[in-house]
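Chemist: Listed below, chain by chain, are the residues.
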Amino acid sequence: MNEGDSKGNKVERKTIDIVHQGLAKRYRAERRFRLYGLTAILIGLLCLAILFISIVGNGYKAFQQTYLELEVFFDPALLDQHNLSTADYTGLVKSNLRTMFPEVRGRSDKRQLYMLISPGGAFQLRKMVLRDPDIIGRNISVWVPADDDVDMLMKGHFKADVAESSRRLSDKQLAWIEQLKEQGKIRKEFNKTFFTAGDSREPELAGIWGAAVGSFFALLVTLLLSFPIGVAAAVYLEEFAPKNRWTDLIEVNINNLAAVPSIVFGLLGLAVFLNFFGFPRSAPLVGGLVLTLMTLPTIIIASRAALQSVPPSIREGALGVGASKMQMVVHHVLPLALPGMLTGTIIGMARALGETAPLLMIGMVAFIVDIPGGLTDPSTVLPVQIYLWADSPERAFVERTSAAIMVLLVFLMLMNAAAIVLRRKFEKRW
Amino acid sequence: MVRKTVLLVAALVFVFVTSTGVVNAQSARDYISIVGSSTVYPFATVVAEQFGKTSRYKTPKIESTGSGGGLKLFCAGVGVEHPDITNASRRIKGSELEKCRQNGVKEIVEVKIGYDGIVLANSKKAKPMKLSRKDIFLALAKDVPDPKGGESLVPNPYRTWREVNPALPNKRIEVLGPPPTSGTRDAFVELAMEAGAKKFGWLAAIRKQDKKKFQAIAHGIREDGAYIEAGENDNLIVQKLDANPNAIGIFGFSFLDQNTDKIQGSFVDGMQPTFEAIASGEYPVSRPLFFYVKKAHIGVIPGMEGYLSEFTSEKAWGPDGYLADKGMIPMPDAERKKYRADVSKLRVLTALNN
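Chains as they are written, first to last, in this note's numbering: chain U, 1 to 430; chain W, 1 to 354.
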């Protein structure tokens, strides 16, 4: 520092000058870099916001359903005591509508009147009578679901001020609806049917409960099978398997399987489970088996990563105090790796919940009305239900599709939140 | 140690229960299994739901696999693991009937349920188009007769509707239609394109000599961007038509019926696609819908007769029935009577020319 002092000082100043000159540019570059990162996040959030706004905007109205009030006289003449199940309840609804609107004459006008009420009205009256046959002969006020065209009008999806030929509802029907509005006999209520009913061709009677139960059963099978098998495979590959070409080959294959398109697993399920083993078609059991095959690679990879993240000192420490290899793995390594394994499993489950393509080949893309009672009853899953509704021509299914998407997204968010919570919880303990 | 044995026992119980459940499900399927056409699917599902809710039987399970796929599953054999009924938007082919017989499905009951119209629709924001089937053929075929005359085919040179027919508007040809896997496409090329091609004398002569060559000419649809394959989601086509008033969409009548506030059907050969015109046969682009039943399964699978009688009842397939409300075109009275009699007697399909 002392020799070549002046020259050294000059060099130092020059360097410092160069540094100072470049500083402003460097700060600008760093700010720009931060800005890129911020912009990337904002674009992502913007896309997410657009997705949510469009889906919620399309679907929030589906949580309400229009109901009409009928003063129903349970006519003993129409309801034969010995044949209550097959009595003409549609006729009962029709006769009560005629009583409400006595001025309606002519077959085509009467047909238009009957079309204001959903076919679900007749089913509702049938259930009431079967549950409590004492109501026969009495006059009871019942709120029945309105037809989906009336529902669309009440929610503003159908415009009333266009020419009659461009409308689903005729002028007369609009007049009757106005009359009902004035009498207070038409109102919108919370759409409980959406959450308690199975699929239906009538949008006002359609619900996601059947699909939700099917999804639950399929995921239950997937979880019970893929978690133990995946964890065991990862533990063996990581802790016990010798490091040779065979294990390398297995590792490459598992990584490839994680990237295989999901419909291939559906074809595999069709060939092996349905054709070879003869399992019943459209059962959540087979759906769960196919989804297991699909999530297994994900769980194995995540579990292996979790096991690799456990420091070798833990292993050596355990062996050092005299544990056997199996005790070391089960008592020391596995609990530490558990948060990562759980995260991988839950993310794999969330992916399985949203899958449609593999279930297509095994018959779960079907119209199934009844709620599945067990693992072998035919059922469908939530994303398939959304797909089937999206293909239906009735206008009222558009909002119900969006509402079902909202429900699916809520489930997925809950599952991912559970993954985060569990991971935090276990990490704290250890 | 105790925990381990508990887990082991629980796992074994689970496996045991599901396997017995599986065995039971195999030998005692108590619901009707239906596969087949995606066109018949909206109508069959309504009948199935009605049947399930008003009888003590379970609601039939209906899958939309396409006519061809459904017949393949149907003809795979007799037994609880095979479907009982298949829907089809076309008649069963001779080769499929043969395959059925080879696999033991010998007694099939054919039931025609009604008609479905195929419409060419555009947005209400534009004027309705008045097309003839010849116009449709010239606008959409891959190879068309040389506009200069003569008996040769050239790749389709027409870009606008006016080039095809001076009476049509000067709009670019932009048609959204079904993909080659769709039964609607098969029906459309057969009913509209073939009829349009036949209007050329020399093509009609080719049809008499070599039907396959004629079909190759008539069924080929252009791939240069004027015809856009818009997938099987007809709701999507309706949305696209709403956004683009110059485009025309091809789909079934039920979608037009449910969206009359947004789209209108084009005139084909002077007829507008209304319910009455399709029912009377005046609107030319309509096709019959069928379903096929395995006689061997009746009596084994509970409820099949009930489902058949529900489908063939007047309140389902009649002119005032609930299927007509959904957009299906009912058969004339005489045909309904014939098929109802066939079903009640379970008359077996013997040959394809009756």
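These are computed hints drawn from the structure, not numbers from a lab. Any given hint could be a false lead.
Unchecked claim - No farther apart than 27 Å at their CA atoms in a straight line, the calculated lysine-lysine pairs in the BS3-like style are these: (1) U/Lys155 - U/Lys188; (2) U/Lys159 - W/Lys262; (3) U/Lys188 - W/Lys125; (4) U/Lys181 - U/Lys159; (5) W/Lys53 - U/Lys192.
Stated by the list, open to error - Stretch by stretch, here's where chain U covers chain W in the computed footprint (C-beta under 8 Å, at least three residues): (6) 59-70; (7) 253-264.
Note that the structure is a prediction, hence the values are computed from the model and not measured. The beta-carbon is built from N, C-alpha and C at its ideal position, and this holds for glycine as well.
Chemist: So, for every hint listed, does it hold in this structure?
Modeler: Structure-based check of all given hints:
1. U/Lys155 - U/Lys188: holds, 9 Å
2. U/Lys159 - W/Lys262: Given pair lysine 159 of chain U, lysine 262 of chain W holds - Cα atoms ~11 Å apart, limit 27 Å.
3. U/Lys188 - W/Lys125: Distance ~32 Å between lysine 188 of chain U and lysine 125 of chain W Cα, so the pair is violated.
4. U/Lys181 - U/Lys159: holds, 17 Å
5. W/Lys53 - U/Lys192: holds, 19 Å
6. 59-70: holds (count 5)
7. 253-264: Coverage by chain U holds for the stretch 253-264 of chain W (7 residues, Cβ < 8 Å).
Of the numbered hints given earlier, the model fails hint 3 alone.
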